[in-house]
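Asker: The residues making up each chain are set out below.
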Amino acid sequence: EAAVTQSPRNKVAVTGGKVTLSCNQTNNHNNMYWYRQDTGHGLRLIHYSYGAGSTEKGDIPDGYKASRPSQENFSLILELATPSQTSVYFCASGDNQAPLFGEGTRLSVL
Amino acid sequence: QEKVQQSPESLIVPEGAMSSLNCTFSNSASQSIWWYQQHPGKGPEALISIFSNGNKKEGRLTVYLNRASLHVSLHIRDSQPSDSAVYLCAVSIGGGSNYKLTFGKGTLLTVTP
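Chains as they are written, first to last, in this note's numbering: chain Y, 245 to 354; chain H, 74 to 186.
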């Protein structure tokens, strides 16, 4: 069964700390995406990737890095976390079809 | 950058009624339009998509697309309390390695028993 798994599901971080959000997909999709969802803004694209070794900037990339070491894994990295990055983060995978989303990671930066 | 606007922000309908949700987009070159359903604490799940002008029906769902007016609507017939969720309209741009979705802010649907 197609699946996108995110970890951790919940994370509390301190301002200035480094945070890594992980995503794994078993769908053999080339494209993977990181979105954040905030009240009043909806889902916004941060970074995406079209295959192992590639990362592309989405609409709101500032303050975030991404890493795609393999077909299955796509990470989102906050080198210096700020309170404005408190949000729910969703990973998705999909090729020329409706991306399949994970369950989300709730991140609070204090 | 593609802009996607949804209306209304929230909608309350009684069980058994028709629910009608609207979405407008800014780029006539947009490809497919997707509707997603999102329950609290969960990730969005794709419901139905449309590419060509006209309508598409799947079960209790019907989608209408008018590319000239950049408008798409989703209609849920015989709405059930289990349909209560946030509905997201998403527009696809590009293809292959450039395939991306731009989302609206969503419509919160509440179906009352």
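Keep in mind that the hints were calculated from the coordinates and are not lab data.
Watch out, some of these pointers could steer you wrong.
Stated by the list, open to error - Calculated lysine to any residue pairs in the SDA-like style (CA-CA distance at most 25 Å, straight line):
(1) 76/H x 328/Y
(2) 178/H x 314/Y
(3) 178/H x 270/Y
(4) 129/H x 157/H
(5) 76/H x 132/H
(6) 115/H x 332/Y
(7) 76/H x 289/Y
(8) 173/H x 257/Y
(9) 178/H x 260/Y
(10) 309/Y x 93/H
(11) 115/H x 270/Y
Unchecked claim - Quick look at which bits of chain Y chain H covers, simulated, 3 or more residues with Cβ under 8 Å:
(12) 279 to 291
(13) 332 to 345
Using N, Cα and C, we set each Cβ at its ideal position, and we do this for glycine too.
Asker: Okay, which hints does this one fail, numbers in order?
Answerer: 2, 3, 5, 8, 9 and 10
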